[in-house]
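**Q** Those protein sequences? They're chains W and U, same order as listed.
Read in order, the letters of the first sequence correspond to residues 988 to 1380 in the working numbering.
Read in order, the letters of the second sequence correspond to residues 988 to 1380 in the working numbering.
Just to be clear, a hint being listed does not mean it is correct.
Since the list gives no way to pick out one identical chain from another, each pair is judged satisfied if it fits inside one copy or across any two copies.
What the hints assert, rightly or not - Computed list of lysine-lysine pairs in DSS-like fashion (alpha-carbon distance at most 30 Å, straight line): (1) Lys1059 - Lys1256; (2) Lys1380 - Lys1258; (3) Lys1268 - Lys1094; (4) Lys1367 - Lys1216.
Simulated from the structure, these hints should not be mistaken for laboratory data.
There are 2 protein chains.
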Amino acid sequence: MIDTATALELVTIHGSTSTIEQEMELENALDYVLAKDVTSEIDMPPFRQSAMDGYALHLNDGVTYSLVEEIKAGDDTNPTLQKGQAARIFTGAPVPNTANAVVMQEKVRVNGEEIILKEPVDQGANIRPQGEQIRAGAIAITKGTTLKGTHIGFLASLGVTKVSVCTKPSISIVVTGNELVDSGEKLAYGQIYQSNGYMLTAVLKELGYANTSVVTIKDNFQHTKTVLKSSLASHDIVLVTGGISVGDYDFVGKAFAEIGVKEIFYKVKQKPGKPLYYGKKGDTSIFGLPGNPAAALSCFYVYVYPLLKKWEGAEQVSLPRISLPLLADYTVKGTRAQFLKARIQGAGVTILGGQSSAMVKAFGDANALVYLPQNSAEIKKGQMVEAILLPFK
Amino acid sequence: MIDTATALELVTIHGSTSTIEQEMELENALDYVLAKDVTSEIDMPPFRQSAMDGYALHLNDGVTYSLVEEIKAGDDTNPTLQKGQAARIFTGAPVPNTANAVVMQEKVRVNGEEIILKEPVDQGANIRPQGEQIRAGAIAITKGTTLKGTHIGFLASLGVTKVSVCTKPSISIVVTGNELVDSGEKLAYGQIYQSNGYMLTAVLKELGYANTSVVTIKDNFQHTKTVLKSSLASHDIVLVTGGISVGDYDFVGKAFAEIGVKEIFYKVKQKPGKPLYYGKKGDTSIFGLPGNPAAALSCFYVYVYPLLKKWEGAEQVSLPRISLPLLADYTVKGTRAQFLKARIQGAGVTILGGQSSAMVKAFGDANALVYLPQNSAEIKKGQMVEAILLPFK
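Isolated chain W, as found in the complex (with noise of 0.2 Å):
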């Protein structure tokens, strides 16, 4: 059984990436992991710019200036200002070629037409220098970035208008089990409600991805094997649910054999998720999850999100990770590393109650996953433990 760093280094390394780019409008660019670098068209800012409203001034020897101009933001004048001569000036606007500093209008006194500065200025203050954030011809984001809204923000305030992204992956979500009913029935005995389905595709549209479907099977092999081979043939990423272990009627296994998925891995040293497969067919990724929903999640996280991302060819795969004290004690049970639903806040982080694999509750109060390498037993309040965070709004 390999451990969860060789499990993780196989998704990466196996993962395949889209080759598709498409040009998209920057406005509809968001969560798209960017095909190409951006190049910036302009210097930004495209002028010197006055950085406070005051006054822009031809530097002399002295204290006092002649105000001869004033220039607001959007104005296009450029005034020649003589040694000695000022020009009233606003946020944003941009400072005449012949001025060398910029003073707080706090900074002066006013008498009629001329300004009296009440302490020194500095040569180039209060002037945001042409091309300082960036310069035209440099590249202002890089490929494999995934676009956040600031990104956008950015890219606008270049005049960008257009992007090259990858496309996302098409993902099918295969539920299996036969003591699964759909939401709206009722229960017999022996049933319970399908959720991963529902979670799977929400966890999805969470993070960006919508071009998601679910299909629920029974714990039969031919219907298992049928639907596996379609799922497989029309998307780039399969995760089946459940039927991965080794019980008499989990037929996962045996169906990814017989439809030719070579395998990665099967197991990792780890808790919850031990039973996961990760395996491919051409360039389509297949996991098989476990069953139990709050196990699934954790893998989801773990080692589906990187494959998600490098499948959009992002620089960064995987989940922050960042080391924080535990503020209460944890008992390990057993040796497998483990990944333990957790709350950051204040001065570290706290294990929450309710690990069991198949409770998925405890999850909604978590915005991270602890991780407890093998063997870690007893850990005291104050250790530091390592932290991966998720992704939240």
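Chain W is already provided as a structure; the job is to place chain U on it using the hints.
**A** This is chain U only, laid out in the frame that chain W set:
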């Protein structure tokens, strides 16, 4: 001038909460805030459930059991086991009422119609009690919870198909400045591209707020008044960028006063975003944000985010804050409290370069804002600082 804590408190006190609820299909309710507690109509699990592939036992004093039944997940059988009898059972299957333990298949030896235990089995082992996760009639998720994908999964497992949620606010973004031109046009001297509208629309969309519109206005008092009046009349929240300083061509503050907006505060002892304005007219909240994009965005995450959450009736309105060691020395200029773009990763937090109010680029690399209180002066590597986590995917 008030401090940052007072400003945040005033926003959360004065922000209105939506009075309109709507019933929604569970699968469409992602990112909405629950308007009512959701109560479970079932026990979960609904029956005593096997947590393992193995054998359900009616325990006796010996190690040998006779195998009399087989129960798969989804079966509705509930056979009577006598003391010393066992049933083959699979993960998720109902454990017979007469069984009092499940033994893992790895821990028995099978001998024809008999199984022999390799080690003692505890009473209740590997049985998930009925209602272990939640009891019928108990609250599954409380009013005020923002529904994440994990919540959708949990509610689906309880058979919930519809939920009552609060409506989301309609948001008007008003961008001011004579210097702004639309992307696609050519910049004249003194002009820059309008980016705040694109940026705020995108960060709102990232957070699940799609009901937004942008209007751009020139620095003209009459026009400013007319547009703000109409924005206020038809939206729940109005975000204005720029025009709020005391420059001769800053008309936003004067317009607010003339159209009857009640000022809650103006100016906060902080950097960036000193001239931040917050006011109310009826139930509509109005923010006067800085014109500089990075300053506007800092104020957005610190003050507007809680306002949006309050409007939706969310229990938790502010972004999570956490104490972390600084990974490099940092010197603060000036005495105001600071919100600094930062990246948390590994052993702590790094304050990024490019903190200028005009530069939004650093926000692309940031996953947190470091908050430094007034008069922080010099912060040394290793010193604990407060980091506000930014939403991410």
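**Q** The structure should be examined with respect to each hint, and the outcome stated for every one.
**A** Structure-based check of each hint:
no. : hint              : result
1   : Lys1059 - Lys1256 : between (66 Å within a copy, 27 Å between copies)
2   : Lys1380 - Lys1258 : both (27 Å within a copy, 24 Å between copies)
3   : Lys1268 - Lys1094 : neither (70 Å within a copy, 35 Å between copies)
4   : Lys1367 - Lys1216 : neither (48 Å within a copy, 58 Å between copies)
Violation of the numbered hints given earlier is confined to hints 3 and 4; the remaining hints are satisfied by the structure.
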